[in-house]
Structures are given as C-alpha cells and as structure tokens.
Amino acid sequence: MAGRQPATPQDDAALIARLRDKDENAQNAMADLYDRYSGIVYGVALRVLGDTTAAEDVLQEVFLQLWRKPEIFDAERGRLAPWLAVIARNRAIDVVRKRPHEEDVDEIPIASGVDLEEISARRLAVEKVRGVLANLPPEQRTALEMAFFAGMTHTEIARKTGEPLGTVKTRIRSALLAVRKALS
Amino acid sequence: MKDHAQFAEDLALYAMGSLDDQASHELQTHLGTCAECRRELEALRGDLALLALSATGPQPPQRSRQRLKEAISEEQRQMSGSEGAPALRRLRPRWLTLAPAAVAVLLAVTSLGLLLEVQRLKDSNTKLFVELRKTKQDAAYAKEILVMLTDPGAQRMTLVAAKTAPPAHINVIYQKDKGHILLLASNLAPIPDNKVYQLWLLPAGSAAPMPCGTFRIDGQGNSMMPDTMKAEGVEAKGFAVTVEPVGGSNTPTMPIVYAPAG
Chain E
5 MAGRQPATPQ DDAALIARLR DKDENAQNAM ADLYDRYSGI VYGVALRVLG DTTAAEDVLQ
65 EVFLQLWRKP EIFDAERGRL APWLAVIARN RAIDVVRKRP HEEDVDEIPI ASGVDLEEIS
125 ARRLAVEKVR GVLANLPPEQ RTALEMAFFA GMTHTEIARK TGEPLGTVKT RIRSALLAVR
185 KALS
Chain L
148 MKDHAQFAED LALYAMGSLD DQASHELQTH LGTCAECRRE LEALRGDLAL LALSATGPQP
208 PQRSRQRLKE AISEEQRQMS GSEGAPALRR LRPRWLTLAP AAVAVLLAVT SLGLLLEVQR
268 LKDSNTKLFV ELRKTKQDAA YAKEILVMLT DPGAQRMTLV AAKTAPPAHI NVIYQKDKGH
328 ILLLASNLAP IPDNKVYQLW LLPAGSAAPM PCGTFRIDGQ GNSMMPDTMK AEGVEAKGFA
388 VTVEPVGGSN TPTMPIVYAP AG
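If you're matching them up, the sequences are chains E and L in order.
The first sequence begins at 5 in the numbering used here and counts up one residue at a time.
The second sequence begins at 148 in the numbering used here and counts up one residue at a time.
Calculated from the structure, these hints are not laboratory results.
Nothing false has been slipped in among the hints.
Derived, one-sided and incomplete: chain E residues facing chain L with beta-carbon distance under 7 Å:
| # | residue |
| --- | --- |
| 1 | S42 |
| 2 | G43 |
| 3 | I44 |
| 4 | Y46 |
| 5 | V48 |
| 6 | L50 |
| 7 | Q64 |
| 8 | F67 |
| 9 | P86 |
| 10 | V90 |
| 11 | R93 |
| 12 | V130 |
| 13 | V133 |
| 14 | A151 |
| 15 | V183 |
DSSO-like cross-link-like pairs, simulated, lysine-lysine; straight-line CA separation at most 30 Å:
| # | chain 1 | residue 1 | chain 2 | residue 2 |
| --- | --- | --- | --- | --- |
| 16 | E | K185 | E | K164 |
| 17 | L | K323 | L | K342 |
| 18 | E | K164 | L | K149 |
| 19 | L | K325 | L | K384 |
| 20 | L | K342 | L | K325 |
| 21 | L | K149 | E | K185 |
| 22 | L | K283 | E | K102 |
| 23 | L | K384 | L | K323 |
| 24 | L | K325 | L | K377 |
| 25 | L | K342 | L | K384 |
| 26 | L | K216 | E | K26 |
| 27 | E | K102 | E | K164 |
| 28 | L | K149 | L | K283 |
| 29 | E | K102 | L | K216 |
| 30 | E | K73 | E | K102 |
| 31 | L | K216 | E | K73 |
| 32 | E | K185 | E | K132 |
| 33 | E | K26 | E | K73 |
Chain E is nowhere near these chain L residues, computed Cβ spacing over 12 Å in every case:
| # | residue |
| --- | --- |
| 34 | D150 |
| 35 | E173 |
| 36 | G260 |
Computed from a prediction, not measured in an experiment: that's the story for all the values here.
Even for Gly, the Cβ is constructed at its ideal location relative to N, Cα and C.
Isolated chain L (complex conformation) (with noise of 0.2 Å):
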C-alpha cells in the first residue's frame, strides 16, 4: 500500500495524463480523501497551464477563424431550422403542409425513443462504469489482504485489555471415522525444554485416556498439531492437556492443564 509521499511523487505524472492505469486509479482513490493532495494537484496544473503557455507565439492563420464563424453558424442555422417562413407556408396545399408536419411527429417520436434509449445506455454505461471501479478496488483490497496472510515477513499481533494476560486457548478438531485430529493451541504456558505438552482422548463411557500427539509451542505459546488415533471411530466425549517428558506417555500424568471447556 502506497503512503500518501509516494503518491505526493506521482502528482505531477497524473496531472499530464503520464501514469499508467493502475496507479492512477490509486492515486484518484487518494485524492478523494487527501485534501493537501488535491491543493497540490491544483497548483501543479498551475504550473503545467504556465509551462503549455511558454509554446504559445505563433498566430493561427486567418482562415481558421473563418471556420469556426462558419461552424457556429451552421449550428445555429440546424438549431432554428425548424422555425420556416409563415408566408411560404400559407401558400402550400393542406396536404403538402400536413405531410411534414406527420414526418416530423414520427420523427420526433422515433427521436424520442432514440434518446431515450441513448439516456439508458449511457444511464446503464455510468452505472456498469461505477460497478466496474467498485469491483477492481474491491478485488485489489482482497489481494493486499492476501498478499498479508501469507507474507512470512508481516508481523502478527494479538492485542487484549491491558494488564490482562492472553488467555490460553486449545482448539481440537476431530473426524471420528478416520482418527484425524487438528490441534490449534494459542497462549499456552511455557514449559521446561526437557517437556511437551501430550494430547489425550477422552473416551465416551468410563475408559481410560487414549494417548495422542505430543506437541512444543513456539515464543508466543502457539502451536498446530496434525495427529491421527491408532483406532478409527472411537467415541470422544473430549480431550485434555497434560505435560509429559520428551517421547510423550502411555497414561497420563496429572495434573491436566487443560481440560475440556465447561
């Protein structure tokens, strides 16, 4: 994401139309929140106005005002083309008077739906327009916010209430058909390098513990831990945390440090 001095830079380029696509769409999207940018784009279109002013000199020829006198005129004479002479009119028959008038009325009334047609196209063009600048900021919002998720560099931070300390979290995921466990811990207590935390099933009805995984944390406390039970279909009422010597246990060392919520 460009910060408002990078775009500062890039003012006087899309002043003179010289940025490409994609960075003036950025810029613009700044301008519409960045009033000193937009005063600064004005003064550089002040300054650009005065650099085209330095070419002036040389006179166009006389015959150029000629034709614009002439332009002028002939759309003047096509806008009050309709208004004819009373008198020349008098003088036709009924019919041959009736006759225009009925083109002109389908005229005006193919005219009509013309511009009317016009006006929903270009209606629909302004709105396809807004759509089409919507989606494009839309889709480059979502790729900054890719980018960030998997950017190993970009730095991840929790923050609580101050003074509170992060409470520690497990979350299990588990497929009972296929075993396959996901273990997502965030927080949890340091322990001694010489232990790990260890996994344990808690089996449905009164048997004993059935031993999973072992897992370390890193700096924060945080952990992930793909694990698969030896047995498929084994009904889990919920899992526990204890910690265990290096190699993990076949029973479970009290206490359990984390226990199933509620």
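Pulled out of the complex, with its shape left as it was, chain E reads as follows (with noise of 0.2 Å):
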C-alpha cells in the first residue's frame, strides 16, 4: 500500500473522514486534498470568471467549505473531483450573475461513467471531452459554452443567438449527449 500516489475513493473517503475532527491531522488531511484538487476547483473558476483573483476567491470559498462541513460529501454517491468541478462551476457563475451564495454546500448527487479518481484517467478524460468540444458543430458549441460556462440562461442564448428556444435546448442536449458518448 505503501507510495500509493494517485487517489483513490478510500483516500478521498478516508481524507474527509479526517476532516471532522478539526485537529492537526485533519489540517494536514486539507493539505492532502487541496494538493490534490485546487487545480480542478481553480482552473473551472478560472474558465467561467476569467480573472485571477476571482478565481483564487472561489478556490478559497469551495475549500472552506469543505472543511466545514465534510459531511456533505457523501463518498458512495459522487466522487470527489467532478463534486468539486460541479460546485466551483456552480460557486463562479454565482459571482459572474451576482446571486447571493448558498450558505451551504450544495448536495449534489452526480453519476458518471467515467472513474475520475485516477489521475491518469481524469486526464485522458479531459483529453476526450477536449476532442469532442473541438469537434462539435459551432452553433452546438457555443450554445453548450453560453450556459454552462457563461452561466446564461437558454432565453438570454435564444435572444443573444436569435435562435429559436426549441433550438437552443436541442444544441445543449446533443452537445452533452456526444460527450457522454465519447466516454462511454
């Protein structure tokens, strides 16, 4: 077991685990998880805000979190690294649209095909998702790059593209359904 490095659930689970306690060691168990993600939770802030300092923001807001209230992240529904994309995506398109912050962390329960947890997989990973956006039809997108990392509303994208809604909806769906299918 021992010079284990990449993560694995067990050590997510174990590292939040250690979090309760608020001692020394779950300050260190911080450290573990934040080496291990900050640059998830910063570059997806970094993507939708577009400004440094915003970005180390929400990379301090999510983290803070975390260590508050372990408990929300339940390790047998949603692994830690699309948990914490999701919720730093969700955290800067809050300051993008100026809405008032959750107090707490969102539950989110999140399924996926793909195992995030190993390092080396998440990159191959992203290097798909990569190719498909690359590839995608222009108008599909840029519609799926308006809501998600724009965070603006299918109306805002109709009357900006002067689109139909039906349109707008249809581009979103089959932009994320031909990512699903790359990974599947």
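Take the two lone chains and join them into the complex the hints point to.
Set out below in structure tokens:
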C-alpha cells in the first residue's frame, strides 16, 4: 500500500473522514485534498470568471466549505473530483450573475460512467472531452459554452443568437450527449 | 401541462441552472415523481462534471495554499480561543477572573437568545418557503383547471356504467318574484327537426299549465335555456316538458315527456 500516489475513492473518503476531527491531523488531510484538487477548482473557476483574483476567491470558498462541512460530501454518491468541479462551476457562475451564495455546500448527486479518481484516467477523460468540444458543430459548442461557462439562461442564449428556444435546448442537449458518447 | 418527454428535454438546462424559475419549479415537481428523470439528471451532472474538468490546467498561485491554511488556522484559533492558560489565570485577582466570566455568561445568555431567535427565524423561513411553494402549486393547479373549463377546444365527456344509457336530466331554476327561469338539460332524447321541446310551469292549485320557452338540444341531448315568465310572482308546484311544433303551443300536447321527479 505504501507509496500509492494516485487518489482512490478510499483515500478521498478517508481524508474527508479525518476533516471531521478539526485537529492537526485534519489540517494535514485538508492540505492533501488541496494539493490533489485545487487545480480542478481553480481551473474551472478561472475558465468561468476569466480573472485570477476572483478565481482564487472561489477556490478559497469551495475548500473552506469542504473544511467546515465535510459531511456533505458522500463518497457513495459521487466522487470528489467531479463534485468539486461542479461546485466550483456553480460558485463561479453565482459570482458572474451576482447571485447570493448558498450558505451550505450543495448536495448534488452525480453519476458518471467514468472513473475520475485516478489522475491518469482523469487526464485521458479531459483530453477526450476537449477533442469532442473541438469537433462539435460551432453552433452547438457556442450554445453549450454560453450555458455552462457563461451561466446564461436558454432565454438569454436564444435572444443573443437569434435562435428559437427549442433550437437552443436541442443544441445544448446534443452537445452534452456527444460528450457522454465519447466517454462511454 | 408538460409531459415526461418535455421535462426530459429540460433536464440538461436544469442541471446547469439555466432554466427560468417557473420551468425549474415545474421540473422539480416532476423530479419528485419520476425516477427516470432523476437518474438522467445525475448522468447529465456527470457529463457536466467532465465538461468542467476540461477547463482544468492552470494551477493556482502558491499564495492561495497559504491563504487557505491561514483561514483554517484562524477558524481553529477562534474555536479554541476560550481555552486560556491556567497559570496565567491563577495570577489574576479574583475579581479580575470573575469579571470576564460574568461578561462571558452575559454574552452566552445573549448569544443563546440570539441563536434561538436565529433558529426561530430559520424555522419560520423554512415554513414560509414550504407554504409559498404549496401556494404556488395550488395557484398553478387552479389556473390550469380554469384554462380547461374555458377552453372551447377541450373535449367534454361524461362516463357512466358501461352498457347503460345516460339518464335524461333537466334542472330548472325558478325565481318566482322576477319570473326568471333557467333550464339546464342533459341527455334528452332526440326529436324530429320540425319539433321542439317546450317547458311548462305547473301552477300551484288547479290552474292550467302555463307555457314557457321552447328549446332545442345539441347532438349530445344537452341544452341551456334562460326564460322569463310573462307574469311575475306565479307560485309553481313544478315544471314539465312536452314535444311541440316549432314555435311552441299555448296548451301542452300530450304526453308529458319530462315531469317533476318523484
């Protein structure tokens, strides 16, 4: 067991469990989790916000919430990497849209057919997703990015692109299904 | 009312928080009863997580790590801040030890009060939220019912026991002092085109039946006829319906096809 570097669900769950004691051991566990996942949280926040200072604030907020309420994360329901990625995106969108932040960390059940705990698997998945995005019809990719990374509602996207609401919905859905298909 | 397929179409937008409030609310209600949509929502969140992960690459500056460490240490320090050094306390005069304790007790009492108030407000807030959600649901439901009732294109059907002809039924509402009559008929038997149904007021006592209006029925045997008697204040013991020539009659043509119940 010694020296196993890639994170596994057990490792994450064990680290999360250690956070609950709020002692020095917990602080070390937090440092480990930060080293593993800060790049994900920061990268997503930076992609949404386009501003390093604002992205650092989101990074700080997401990890402080994990420290304060580690019990919210349920290792049975979702893996930490995708969960943190979604939380970081949602928090960053809150900043973009100037919405008040929820006090609690969201309870978001996530199901993915891809094991994202292993660093190598995660890298591979990221490369595949980037490949899918690059090959999407431009109008699909634009609609998806407007909704996901810019936090625009489908009504706003329809207004901005001049497309019917139904078309916007279909494009976003098709783009996401293409992502799923490429990784299934 | 949206169907399952329409809700399923909105799931991706819902997962991204890109639906407007009304559509989100409707979808949330649907999710409460649709396991298939809940599973698809989780899968879509998995897809979105992959999409989010595609943005990873840039690493945060080293100062962010230090900043988080300091924030956590500060929280820890605040949590354990009340635990002072016993040796120091022993050196203090008794009153100096008691004064902070008294202040602490006061603060604790005040804090407890505030905490209880906050909890009460939270509970109240939650209750209001639940009530608001229910009110919204009720209002939406009532609105849909109203739309259905006033929709001229909506189909109206009456179901009865199989193989049983629906019973003919006439309701007459009579305002004696004004002589106003409202007739509502259902499932009456069809009659020839050159005939009409006619309503008769049967006066109290032995006076002859008094003619009221004539009416035709639609394809389902239904009719509605408002009418006004020539004379006001006539006491009625009942009403009857006969089949008459178009234009109506002054005296009823037998037989009486619909008579007072009982």
